[in-house]
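> Based on the provided sequences and hints, a complete structural model is requested.
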Amino acid sequence: NAGVTQTPKFQVLKTGQSMTLQCAQDMNHEYMSWYRQDPGMGLRLIHYSVGAGITDQGEVPNGYNVSRSTTEDFPLRLLSAAPSQTSVYFCASSYSAQPNGKQYFGPGTRLTVT
Amino acid sequence: GQQLNQSPQSMFIQEGEDVSMNCTSSSIFNTWLWYKQDPGEGPVLLIALYKAGELTSNGRLTAQFGITRKDSFLNISASIPSDVGIYFCAGQKGETSGSRLTFGEGTQLTVNP
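In the order they appear, the protein sequences are chains A and B. Quick note: the first sequence, position 94, residue 94 per my numbering, numbers continuous. Each number in my numbering corresponds to the 1-based position in the second sequence with 114 added.
Be careful, since some hints might not be right.
SDA-like mimics (lysine to any residue), calculated; alpha carbons at most 20 angstroms apart, straight line [stated by the list, open to error]:
#	chain 1	residue 1	chain 2	residue 2
1	B	207	A	2
2	B	207	A	30
3	B	207	A	60
4	A	102	B	200
5	A	102	B	164
6	A	102	B	178
Heads up, incomplete: computed chain B residues facing chain A, CB under 8 angstroms, no partners named [what the hints assert, rightly or not]:
#	residue
7	155
8	156
9	187
10	220
Since the hints were derived computationally from the structure, they do not count as laboratory data. Here a beta-carbon is modelled for each residue, glycine too, at the ideal position from N, C-alpha and C.
Structural data, given as structure tokens:
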């Protein structure tokens, strides 16, 4: 198993550009989520999905869209990038949507918006 | 907003020393977790705690789920250089929140050989 994979690893955008961060998992996990990590703030939940076709907002959803058309993929779209979205983005997945804590994280995408 | 207070924010210790860090919350969590993040990588789960009062070990790491369900503690014994990294606590409320995790701000650990 490759686990949770994320692409790209690094990205630089200009303000106003759009892009999609890719996330995929090959563990047949039901639950997938996106976090952003900023210095001194830990990880904050952006959006999450409890299964294909079902998504919901997390703590900081503004400026981001998600969709979950398959179990394996959970892309994160930035509609119009802003400097405040400069951050490290992590995708995570868990076998079950039931709370068991065991979320597996991808290696992250480092995004800079100029 | 952020609900977990993690301390200390950073620690500088000598190899061989023991380390303690903790996480507190104003609200109750049903699951407490501890993750470690190495530079340039995603967090990796170290220990998961599911019951108030539970004490669980993973090698030199020991974590406890506070009896009030509002706090958790992580101890590392006999630290080694590869313990360097950022340690995060995370809480899961369960019930209507499902698998959502709330993270602490992290403890940056530096181990001097």
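> Hint by hint, say whether it matches the structure.
To see whether the hints hold, each was checked on the structure:
1. 207/B with 2/A: violated, 29 angstroms
2. 207/B with 30/A: The given pair, whose Cα atoms are some 18 angstroms apart, holds under the 20 angstroms limit.
3. 207/B with 60/A: holds, 18 angstroms
4. 102/A with 200/B: It holds: about 18 angstroms lies between the C-alpha atoms, which stays within 20 angstroms.
5. 102/A with 164/B: Status holds; Cα separation ~11 angstroms.
6. 102/A with 178/B: holds, 17 angstroms
7. 155: Holds. Min distance 6 angstroms.
8. 156: Since chain A brings a Cβ to about 3 angstroms from residue 156/B, closer than 8 angstroms, the hint holds.
9. 187: violated, 16 angstroms
10. 220: holds, 6 angstroms
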